[in-house]
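So the sequences go chain by chain: A and B.
In terms of our numbering, the first sequence opens at residue 28 and continues consecutively.
In terms of our numbering, the second sequence opens at residue 96 and continues consecutively.
Since the hints were derived computationally from the structure, they do not count as laboratory data.
Facing chain B, according to a computed beta carbon distance under 10 Å, are these residues of chain A, among others:
(1) His41
(2) Pro82
(3) Asn92
(4) Thr124
(5) Gly149
(6) Arg349
(7) Arg458
Ideal Cβ positions, reconstructed from N, Cα and C, are used throughout, including at glycine.
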Amino acid sequence: MAAQTLFEKIWESHVVRAEPDGTTLLYIDRQLVHEVTSPQAFEGLKLSGRRPRRPGATLAVPDHNVPTTDRTLGIADPLSAKQILTLEENCRDFGITLFGMNDIRQGVVHIIGPEQGFTLPGTTIVCGDSHTSTHGAFGALAFGIGTSEVEHVLATQCLVQKRPKTMEVRVEGMLSDRCSAKDVILAIIGKIGTAGGTGYVIEYTGSAIRALSMEGRMTLCNMSIEGGARAGMVAPDENTIAYIKGRPLAPKGKLFEQAVQAWQQLKTDANATYDMTVTMRAEDIAPQVSWGTNPGMVTGVDQRVPDPRAMTDENQRQATVRALEYMGLIPNMPMTDIKIDTVFIGSCTNSRIEDLRLAANLVKGKSVATGVRAMVVPGSGLVKQQAEQEGLDRLFKEAGFEWREAGCSMCLAMNADVLQPGERCASTSNRNFEGRQGAGGRTHLVSPAMAVAAAVEGHFVDIRTWA
Amino acid sequence: MESFTTLTGLVAPLDRVNVDTDQIIPKQFLKTIKRTGLREGLFYDWRKQKDGTQDPAFFLNQARFQGATILLTRDNFGCGSSREHAPWALLDQGFRCVIASSFADIFYNNCFQNGMLPVVLKADEVLAIMKDVLATPGYQLTVDLGNQTVTTPDGTSFRFEIDPFRKDCLYRGLDAIGLTLQHEATIAAYETRRKAEVPWLFADLPS
Chain A
28 MAAQTLFEKI
38 WESHVVRAEP
48 DGTTLLYIDR
58 QLVHEVTSPQ
68 AFEGLKLSGR
78 RPRRPGATLA
88 VPDHNVPTTD
98 RTLGIADPLS
108 AKQILTLEEN
118 CRDFGITLFG
128 MNDIRQGVVH
138 IIGPEQGFTL
148 PGTTIVCGDS
158 HTSTHGAFGA
168 LAFGIGTSEV
178 EHVLATQCLV
188 QKRPKTMEVR
198 VEGMLSDRCS
208 AKDVILAIIG
218 KIGTAGGTGY
228 VIEYTGSAIR
238 ALSMEGRMTL
248 CNMSIEGGAR
258 AGMVAPDENT
268 IAYIKGRPLA
278 PKGKLFEQAV
288 QAWQQLKTDA
298 NATYDMTVTM
308 RAEDIAPQVS
318 WGTNPGMVTG
328 VDQRVPDPRA
338 MTDENQRQAT
348 VRALEYMGLI
358 PNMPMTDIKI
368 DTVFIGSCTN
378 SRIEDLRLAA
388 NLVKGKSVAT
398 GVRAMVVPGS
408 GLVKQQAEQE
418 GLDRLFKEAG
428 FEWREAGCSM
438 CLAMNADVLQ
448 PGERCASTSN
458 RNFEGRQGAG
468 GRTHLVSPAM
478 AVAAAVEGHF
488 VDIRTWA
Chain B
96 MESFTTLTGL
106 VAPLDRVNVD
116 TDQIIPKQFL
126 KTIKRTGLRE
136 GLFYDWRKQK
146 DGTQDPAFFL
156 NQARFQGATI
166 LLTRDNFGCG
176 SSREHAPWAL
186 LDQGFRCVIA
196 SSFADIFYNN
206 CFQNGMLPVV
216 LKADEVLAIM
226 KDVLATPGYQ
236 LTVDLGNQTV
246 TTPDGTSFRF
256 EIDPFRKDCL
266 YRGLDAIGLT
276 LQHEATIAAY
286 ETRRKAEVPW
296 LFADLPS
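Chain A with its partners taken away, still in its complex shape:
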């Protein structure tokens, strides 16, 4: 048999049939559902009188609209409340498992999939959410889809897809002290651009990737979409198997052993080739801070805000002028001179227990700078519980951070957690688009460690040398 990449192995095992032009009917093993992109899909099923083909292969959770404050008070915004109620009704009507707002297992959809053992290697996983790429950290083919496709998967357990191209992103070497998966993925996006991965599935390889924890791999794969790739993946290894073992929805006993045998085959063959390869050295990656209005507008914290006058490409120059105006930044100012007034630690990118442990450890004995509002939003109720058992919440609160309930929160500000116009936020989330965290709000994407240091100092600092 011809040598295959990891992606090709998973793709081929999910082909139900193919059209003459290569358009493929692809089988979908698992679907995750949240309240924002599903109501119209369920409505479509109702209107056409169709039922889900395998309701037991779908897991639903509200996350975008949930309040991160006291939930016994309910939801103040009637539209948010209605969307969550609609999800509850649809799950009941169609027999779909739901982790409701007051379930300890509730959380951001891309946090709870892996946490529950719903996310497994070798599977195809979809969700009406672009950050579904997160699940690729387990060696799954996971990608975001639109609402019509959510309905399609519910009704048929299949999707019509064109086969993407393959891109290898290889990162070799050792990351600098306190640099993390977030810095790696931001540096990759800075290199390939926000459309560099369009039409591709990325496989992340190399010693620096292998050395990442499962949490780090999730952070990495999560932002594949910010580089334009619908999916990113890392081949499963012993870390992957150890992470999955014993989780509530993971296979157990003999079935687990059988699954592990299959998962061990899930790697790119030695002689397989990719359509494109990008390489980076881990040692070259400084802590990253975005300065613009898309995630490709990013640089090392030891650098300066770019100067449009020095740019030869007219598109790039215009986009930079516009971004700097929106962001209120002056060309050539050192990144460390950028003062912030808000810090958000959370989102499907960086709100897992490892992120919170690292952040809490750095904040120990320090306090949030005067005039800075800082909040921590755990990725799930279980992450929150774990953090509280370890006393992390106390460390955050003593330092002046707000400690919240689980949800998407200020990553996209669909709930009450919103930036005011002109406010500047160091955020561990994934998008720095105009208005993403609130109309007129200014977002700088950073790692949890960089966010903590910015909270304490009131401006960005190089975490590698921060005491």
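Since the structure of chain A is provided, determine the placement of chain B on it from the hints.
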């Protein structure tokens, strides 16, 4: 789904690169449980000036582009979130076709689900048309899906590529789910085979 064959219509210019779906339709409009009525949210933040009044420089606020059915824009249109609200909002405003030098994958897919045609032209072709649109009031294009061409008022035609399967579905306005369900037996056979190979993927979730 509504079919798309040919369209002759007024062209509206959005001369920007990397237009993300957060700009096409900001999050506060995603709280709906319907597909319709999203026009109010289309480019909501760009329509306004800092003081909250309508920005007369933005194309959607200009009388000459009212009734446009074709949106002309630049690289990487529709990047970011998977929200299908983006094509729904464009459709609600009256756009049936978006022409760009490139699209983000999920947005491109979502258009086809809604009887809307995304057309990729070369960057220099887009720039040339953009210039003419801005200079010529009432500028119209004809988009012909069957022949895969975009034709300008002076008769110049640009060819675009599209997957044959997608083209056929859009041209005939086929119901994608209905089409897949015609292969029910093939899907069932696949499931039977996979159940033997990977039985751990076929245990239902506890409800």
